[in-house]
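Put the two chains together into one complex, using the hints given.
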Amino acid sequence: MSAASRAEAPAFVAKTKAGRITDFVDARVGGSGILREFGRKVFPDHWSFMFGEVALYSFVILLLSGTFLTFWFDPSMAETHYDGSYLPLKNVEMSVAYSSSLDISFDIRGGLFMRQVHHWAALLFVASIGVHMLRVFFTGAFRKPREMNWVVGSVLLILAMAAGFTGYSLPDDLLSGNGLRIIDGVIKSIPVVGTYTSFFLFGGEFPGTAVIGRLYMLHILLVPALILLMIVLHLFMVVVHKHTQYPGPGRNDGNVVGYPLGPVYAAKAGGFFFIVFGVVALMAAFFTINPIWNYGPYDPSPVSAGTQPDWYIGFVDGALRLMPGVIGDFHFEYVIFGYTLTLNVLLPALVPAGILFTVMFMYPWIESWITKDTREHHVLDRPRNAPTRTAIGVAGFVWYCVMWAAAGSDLIATHFHVSLNDVTYWLRALFFIGPVIAFIVAKRVALALQRKDREIALHGRETGRIVRLPHGEFIEVHAPLDEYKRYKLVGFESPSPLPAVPNDHGIVTRKEKQRAFLSKWFFEDRVAPATPAELEAAHGHHAPAVEAGEESKSLSH
Amino acid sequence: MGNHSDGSPNHSGTVATAGQNEVEKFQDPGIPPHRLRLADTDPKAAKRAERQVAVLFGASVVGTLIFLVAYFAIDLGEGTSIATIRLQNALLGVGTAFAMLGIGTGIVHWAKALMPDHEVSEERHPIRTEEDRLAAVRIVDDIVEETGIKRRPLIRNTLLGAMALAPLPAIAVFGDLGPRPDRALSHTMWAPQEGKLKRLTRDPDGTPIKASDVTIGSAFHVIPEGLNELHEGKLNEKAKAVVLLMRLDPASLNPSAGREDWSYNGIVAYSKICTHVGCPVALYEQQTHHLLCPCHQSTFDLTNECKVIFGPASRPLPQLPIAVDAEGYLVATSDFNEPVGPSYWERDEHERSIKS
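Taken in order, these protein sequences are the chains called A and B. Counting from 1 along the first sequence, just add 450 to a position and that's the residue number in our numbering. Counting from 1 along the second sequence, just add 5 to a position and that's the residue number in our numbering.
For reference, chain B alone in the conformation it holds in the complex (with noise of 0.2 Å):
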């Protein structure tokens, strides 16, 4: 029809046709004529959807019982075994299933098949008339005008002064929801205590670590000497001090100058709390030596000092150093020397005075 060598000028576009849009369009034929269901006509069924209906909720009725029955027939208590809560579980929910279905279908169906299904058309009225548009405008203007706040601008401007200083009290009282920050986060249980450098131990038990236990190859959970005996805090220490110790062919160990000796005979220990969120990296790679983090799969190189290689990491994982003590226990010679875990907007603040 777009064809201008073969139509009539109105049919080739040539003509304007501005007004006539009504009349190109397909009048709106109204609702379809209603069609009768079986129900409406034939009253055996409408007899037989009657009775489905009731079916429904006497299955529903069952349910109940299922639940009940389940419910005080199997009791729980010491040496349950996972079985009879599991038997107790599946009961129980297709008890309350059964009864919940049998009402819903029921009611369903009985609205499908036998209540009157005319499709009925009602009127849109406007969500206000012109008329209360008005009035309200009106009503509106004249209480403002009431008040003179327009004309008082000193009233005006001290009020909006005080509302805006009001609710500060409100964000005040919240102040002792926490302590400050201050130094917390920079420093962790493996700082010396009393010129005593803290021993390696194995993560939960807590007892000591002897590098002579540390084969080629293995790889240690470890927490700090005394982390167990903590009363107050004791998480709080932990998800700051956790450590993950290897052993590495000490050929394969690239350390930059200053960290030769924070390994011992291919020994490392590193921070096993992610520097991305604060993971636990808990994933070592014996083969290519890369730890990789569960959670979002950062993964450092153990023989780049944890070079971030992969992964939304940004920070090697820290270092902490270590060295034998004279029964040949492993032992931590100082704290990290750079604040642990995720960053924070104070970070290198910390870490700048850890190094000073």
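Just chain A, same shape as in the assembly (with noise of 0.2 Å):
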């Protein structure tokens, strides 16, 4: 269109209005080759694809009520007294950033809406994006050629907490300033550097009357815009990669199955934004979220008790309250070399954060080190398909739980009426062994699955049919699967351990030995997919007997 429109302009003349808007934009800056390209593509659909939407939609409502927010709030930590409408706080000295944000909710229509969506919008925005890693990893997704791309996607999860931190702190009210206080501890903990770099963050003592603001540039400057940049990065790649699908009839790495982007894929997604923007708007109705009035000034004397930091600090607030400070006759906290060494903060602070991030940022490369797999794939793996790698990410997936439990630990206490120091010590002994548990237990799971798939895919899904047999047997009717249905089934890979391969000197290296040894812990495990031979088998057998009777028979096969 484009072509014959500039060289012969005359020759082309569009029939619809429509048509007519489209050249005159196309006539001026050229976008007809990226219509043809994208108009059409086609995107996969399911339901699990939704979370990274959220994530999407989430991020631009908070990048809506965040700038309502910002004409109002001042983050200054200069002393005022509160003279606004909301009576028992009346005269109380506090900084100008909480009267400020004490006017949004009480002063200005809408303001408090506004905080509520923001504060729910980024409640979610991290919930979704953490989901959608969940959903990522444990269907393979981020395999080649899309490592890159989960590399993104996990600094747009740290981007997201960091916005979220620097954020929940600018109020200034007493539950935020409790959290700087235990940021300022943290820090205080790192050797060498730790106590110059609180000085640098507070601009001297803590709380010092500097934080506030810089958090607020950060939170409204540094931070959106690396996550804007970081979303353009995964949304490119995710348009050069195009989306994965999930398998069934009709699907393979060389296709891309669903649904056009004009018009439905683009409807439903874009009527998804607004069905995300209605759900928050209702919670924010009628959900209190960080009711900061309650809560009064920052002053470093008072604290309540039961106190929790949002939900995704939560995993770190957690590790700091399993650790123990002393053991036995032995402290955690000594002295090296005439320095203070606080290892019983240090160590919970950073080290399973540590462990998760780098296990997460690294799982792409080490998963095809060990499998040697190194082709593209754009079908996904159902989860009970990879059994080892579904037990590693629930292995994960619970470690983190029981931290982000622990920070709930004097909550469990005093609902289920049990001892705190009770709590706390299950919590410790699961932090190491329930892992373990969760990964036996999640293999297990999922080579059950694939074995009851096998089953279903050879021998036909029970049909809650009973049938007496002339003989007096009662047996139940299986209905044997259409081929669409079955090639879900076993349209799948089970590879088998890769022994270790000498390289190109004849020599098994010790690296070669480690990663043989690895992959048959990761493969050894294994259900293989049901054959067309088996499937003749499982038929063929029981050939004579009358039909009812063939189906059913192959139970006890």
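By construction, these hints were calculated from the structure, which means they are not laboratory data. Being a predicted model, the structure only gives us computed values, none of them experimental.
Below, simulated BS3-like cross-link-like pairs (lysine-lysine); rule was C-alpha separation at most 25 Å, straight line:
hint: 1; chain 1: B; residue 1: Lys117; chain 2: A; residue 2: Lys692
hint: 2; chain 1: B; residue 1: Lys30; chain 2: A; residue 2: Lys938
hint: 3; chain 1: A; residue 1: Lys935; chain 2: B; residue 2: Lys117
This is the structure we're talking about:
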């Protein structure tokens, strides 16, 4: 279209209004190539693909509501006396930041609603990124060629948490102030540079008068700009790679099966934005989040019991709680060359999060090294068909959840009327054995599900119809699957362990031996997909039997 | 089938079947046949779906109106009750929710019921062609070759050196973000000023506490005299100086050598700032004489100079040495003789210099 309209202008005349607009734009900026490429681009459809969309839309909602809040929020830590319409805090000494947050809540129409929308959307943003990453992990979507997009996504998770934390601290209320106090304690535990870092962040001693303004700059400029940049990269790579698809009939690594972008997919995705916004608005209307007026202004002296950080910081806080400061007579804080090393803070604050994020960033390469799988994958794995990966993911998830639960150890104790110390002891034990149990159980469940799939593929599904045979036996009739449903159950790969191979010099290196060991660990327990020969055997075996009996008797096979 | 005794050689696994894997696999039957929806075949159903979509869009209009009415009809200002704010918040939220959900569900319903739902298959093209890749590699090689960077290591090495150092100013300009820590963390407001001992006063009003006011079993939240009069850095001083004051049976205290005279008649004062990460240790369990930090549950035993008995803290809470002045008010005889609050790298050095 573009070549024609440019070379011989009168030759092309659009017949519809939409066509004329398209032509107008195209003649000036040349977008027809892009439209041709993307207008009908095929997107696979699955409910689990929506989590990433939820994250994207939450971010848009955050930008909209956040912009509104900046018009009234004043990030100053100067002292003032409250003079707004919330009577319980009348004339109370507080920072301007806290006072302006109260004004947004009580004196600006829609301000409280916007604050609630902003906070709920922030919680949803981090949560949806987390769930989206779990989906990507368990379905193996991070495999070649998408490893770098997995890394970009992981960076987005960290940035989302950073955005959340910097924003959470801005109102300068008692709860967030105590959160900053904990951050200060953690920073001070860093060897050599910790004290300096703390003084530089707070502009002197804690709490100082600088930190809110600095966090504000990070929160409204630097972090969102980085998030935006990463989202652009993320979506660009989605376009380059095209979306993955779930396995099923007609789907393979060489094609994309789904709906065209225009109109169906665009309508669904676009409509979904409004649905996410609507749900966030409902939450903001009816569920109070962060009622800062109940907490009062920050003061280093009081603290309320049972307080919680925002959920995504919980796992670090929980790790801090789980770490014992003293075991027997051994103190985790000791003096080394005249300097204080406070491992009871440093270890729980940095090590679990460090392990989680390092493994997360490196996992695509770890797995492809073990499996020697360098092919491109565009068809996803059903989690059960990659039992060891699924087990690794569940183990990591359980580990995270144990730490997260520990952040509520006091609430668990008061709600269930158990001893706080016992809750902590149990969680300490689960911190170590929880992931191991989770790994074993998840792997067994995955293998069992695979066997079940095999059973169904070969012998059909249970119909619930009980039939009595002439000789008195009761059997349940099994209905054979159609070939499409069957293909979904049998169309997967089940690699076997790759033994160590000598290199060019004929030597089996130690690294290769380790790889072979891990490969064995990864693929040793496997269930092979059912084959046509097996299906033939399952049926042919009973060929002479009556029709109903044929299907049913295969049960005993 | 793995049973060697009853299978043919092929089935028993004793005969190699390499290369036959493709045959043994189920073949892809292709995309399942498209199934028509009700709206595709029945014009009535299509019309019904059309009306449903229109109703949803109409609901959105109603939501927008609810929002506008709630915004303009309810005014906030001096003396607005919490109930009014809550009502407005709920109405604004419901209005927005209707406005958004109406549009969203309407579009999705439209797409699902009326737009074509044929699944189509599109070829995946390789991310790049082999030809492009070779050309790209050649271009990069040519560029590197033309710069001559490999042949002239002097240029390369000096460039690397310059590039490595150049960002240093970008780090250095942040040097004024805060002052040097020096000894700021090692002292608090409790240090006697010009020979005058500081009184223990109530938090937050700053009234002094008489020893006779402190009955057995009671606890006071304490700030140093003069804190409330500070104009600058009040919170900074408070963050280090807050103290918990309790009175126990003197017999239950077990002071170590040199700390016998730090308490008065069973009255003891300890720093309220947790030695873990600095939360206020605000909970006093009167029966067990334990202090509990609500943030991370570090528990300190008052009868044993606040030794850690549970939780993540590793050091006892610092004790403030106290006495009674001529008028019967409690005073601090000196500053804490160790830094208060969470540990930091230079802490031991500071502690040693305080003690010497």
